[in-house]
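Residue numbers (full-length UniProt numbering), protein chains in the order written: chain A, 1 to 216; chain B, 1 to 216.
Wrong hints could be hidden among the right ones.
Which copy is meant is left open, so a pair is good if it fits within one copy or across any two.
Pairs of lysine to any residue, SDA-like flavour, derived with a Cα cap of 25 Å [said to hold, decoys possible]:
1. Lys-210 / Pro-51
2. Lys-25 / Arg-114
3. Lys-210 / Gly-26
4. Lys-147 / Asp-214
5. Lys-210 / Arg-11
6. Lys-147 / Leu-6
7. Lys-25 / Leu-91
8. Lys-147 / Pro-51
9. Lys-147 / Ala-48
10. Lys-206 / Tyr-195
11. Lys-147 / Glu-23
12. Lys-147 / Leu-42
13. Lys-206 / Gly-124
14. Lys-210 / Pro-33
15. Lys-210 / Glu-3
Calculated directly from the structure, the hints in this document are not laboratory data.
There are 2 protein chains.
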Amino acid sequence: MSEIVLHNYFRSSTSYRVRIALEMKGLDYSYVPHHLRHGEHLEPPYRAVNPQGLVPALIWRDGTLLVQSLAIIEFLDETVPQPPLLPADALGRARVRMLAQMIACDIHPVNNLRVLTSLRTLFGASDEDVANWFRHWVNETFEPLEKILADSRETGTFCHGDTPGLADICLAAQVANNQRFGVDMTPYPIISRIYDACMELPAFVKAAPKNQPDAE
Amino acid sequence: MSEIVLHNYFRSSTSYRVRIALEMKGLDYSYVPHHLRHGEHLEPPYRAVNPQGLVPALIWRDGTLLVQSLAIIEFLDETVPQPPLLPADALGRARVRMLAQMIACDIHPVNNLRVLTSLRTLFGASDEDVANWFRHWVNETFEPLEKILADSRETGTFCHGDTPGLADICLAAQVANNQRFGVDMTPYPIISRIYDACMELPAFVKAAPKNQPDAE
C-alpha cells in the first residue's frame with residue numbers, strides 16, 4: 001500500500017474540509033500543494049492526475065483518484081469508522097448531510113475562486129462587487145442555517161449533538177473563509193459558537209490554512 | 001404515518017433528482033408546486049416550512065423537514081434499500097458520489113435561477129451573457145466528466161455498471177436542464193448515451209419536468 005496523497009491548496013476551503021477529516025481519522029498523508037492563484041492546477045501535469053483540474057484530489061493507497069470533498073470525507077468515514085463523522089440513524093445522517101450541503105452546495109460553489117474571477121473578467125466586477133457577492137451568498141444560507149440550528153433540539157455543542165462531524169467540518173471551513181471577506185458574524189451566534197468549539201480541537205487547528213506548508 | 005410531501009417545481013433540476021429517486025423507490029408522495037419565477041418560494045408561508053426558501057424540500061412521514069437533494073436521496077436509499085442507488089463497496093460509493101457531486105456542486109449551484117438572476121440585476125447580464133455563463137460551467141465539468149467516464153472500466157450502461165443510481169440521477173437532470181440553454185452535446189457521447197439509457201426507464205420519464213402537474 002502506498003501512502004495517501006492530497007493535492008491541495010492551503011486557502012481552499014474544500015481542501016481544508018478534507019484535511020480536517022484526515023486529521024480526525026488519524027491518517028498520515030503526503031501534502032502536494034498547487035498554487036491556485038498562479039493557475040498551477042490547470043497545467044497539463046496536474047490535469048493528468050485530475051482531469052477536472054480542481055483541488056482537493058485525494059490519491060488513495062491503492063492509487064484510486066477521489067475528488068469532491070464530501071465524497072472523499074464519506075469514503076474516509078466508511079473506511080476508518082472511528083471517530084464517526086455521521087450519526088448512526090438515517091434521519092440524523094440526513095440532517096448532518098443537509099447542513100453540510102447547505103454550505104457545500106449553496107455557498108461555496110458560487111463563491112469559489114474561479115467564479116469570482118469570472119465575475120471580474122466577464123462583467124468587470126470590482127473588488128467591492130466581488131466582496132459583496134461573496135457576503136450575499138453566505139448570508140443567504142447562514143440566515144436559514146442559523147434558524148435551523150436554533151430550532152432543533154439536536155443541535156448541541158456541535159451541529160448535531162456534542163461530537164464534531166461532517167457538518168461541523170463544512171461550517172468551520174466556511175467560517176474561516178468568510179474572514180477573508182469581512183463577513184459580519186454578529187447575526188449568527190450559534191454558528192459562531194460551533195466554530196469556536198471546532199477551533200478548540202487539534203484536528204481543526206492542525207488542518208487550518210495558516211498551518212499548511214504553502215501558507216503565505 | 002402521514003404521507004410524504006415534496007415541495008417542488010417542475011423545472012428545478014434538483015427537484016427532478018428527488019422525484020426520480022422517489023419513483024425508483026416506488027414511494028407515493030404529495031406534489032406541492034411553488035412557482036420559482038413568480039417568487040412563491042420566498043414568501044412567508046413557504047419560509048415557515050423551509051427557512052431557506054428553496055426547492056426541493058421533502059416532508060418525511062414523521063413530519064421531519066429534509067432539504068438538499070443529495071441528502072434526501074441518500075436518506076431514501078437508506079430507508080428503502082431496494083433498488084440500491086449506491087454500490088455496495090466503499091470505493092464504488094465514493095466514485096458514484098464523486099460523479100454526482102461534480103454535477104451537484106460544480107455545475108448546478110452556479111447555474112441555478114437565483115444566481116442567473118443576480119448576474120442580470122447586479123451586472124446587467126443579457127440573455128446571451130446568461131446562456132454563455134450557463135454553457136461555460138456545464139462544459140467546464142462535462143469535459144472532465146466525459147473523460148473520467150471514458151477512462152474507467154467501471155462505466156457501463158450507466159455511470160457505474162449496468163444499473164442506474166445516484167450519479168445517473170444527477171446526470172439526467174442536468175442534461176435535461178441543458179436543453180433549455182442549447183448546450184452542444186456532441187463532445188459528450190458517453191454522457192449522451194447514459195442520458196438516453198436513463199430516459200428508457202419509467203422512473204426517469206414519470207419524474208421529468210414536462211410530466212409534472214405544474215408544467216407549462
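Hints, one by one, checked against the model:
no.: 1; hint: Lys-210 / Pro-51; result: neither (28 Å within a copy, 34 Å between copies)
no.: 2; hint: Lys-25 / Arg-114; result: neither (30 Å within a copy, 37 Å between copies)
no.: 3; hint: Lys-210 / Gly-26; result: within (20 Å within a copy, 49 Å between copies)
no.: 4; hint: Lys-147 / Asp-214; result: neither (37 Å within a copy, 30 Å between copies)
no.: 5; hint: Lys-210 / Arg-11; result: within (8 Å within a copy, 43 Å between copies)
no.: 6; hint: Lys-147 / Leu-6; result: between (35 Å within a copy, 21 Å between copies)
no.: 7; hint: Lys-25 / Leu-91; result: both (24 Å within a copy, 17 Å between copies)
no.: 8; hint: Lys-147 / Pro-51; result: between (39 Å within a copy, 7 Å between copies)
no.: 9; hint: Lys-147 / Ala-48; result: between (43 Å within a copy, 11 Å between copies)
no.: 10; hint: Lys-206 / Tyr-195; result: within (15 Å within a copy, 43 Å between copies)
no.: 11; hint: Lys-147 / Glu-23; result: neither (30 Å within a copy, 31 Å between copies)
no.: 12; hint: Lys-147 / Leu-42; result: between (39 Å within a copy, 16 Å between copies)
no.: 13; hint: Lys-206 / Gly-124; result: neither (37 Å within a copy, 43 Å between copies)
no.: 14; hint: Lys-210 / Pro-33; result: within (13 Å within a copy, 46 Å between copies)
no.: 15; hint: Lys-210 / Glu-3; result: within (24 Å within a copy, 49 Å between copies)
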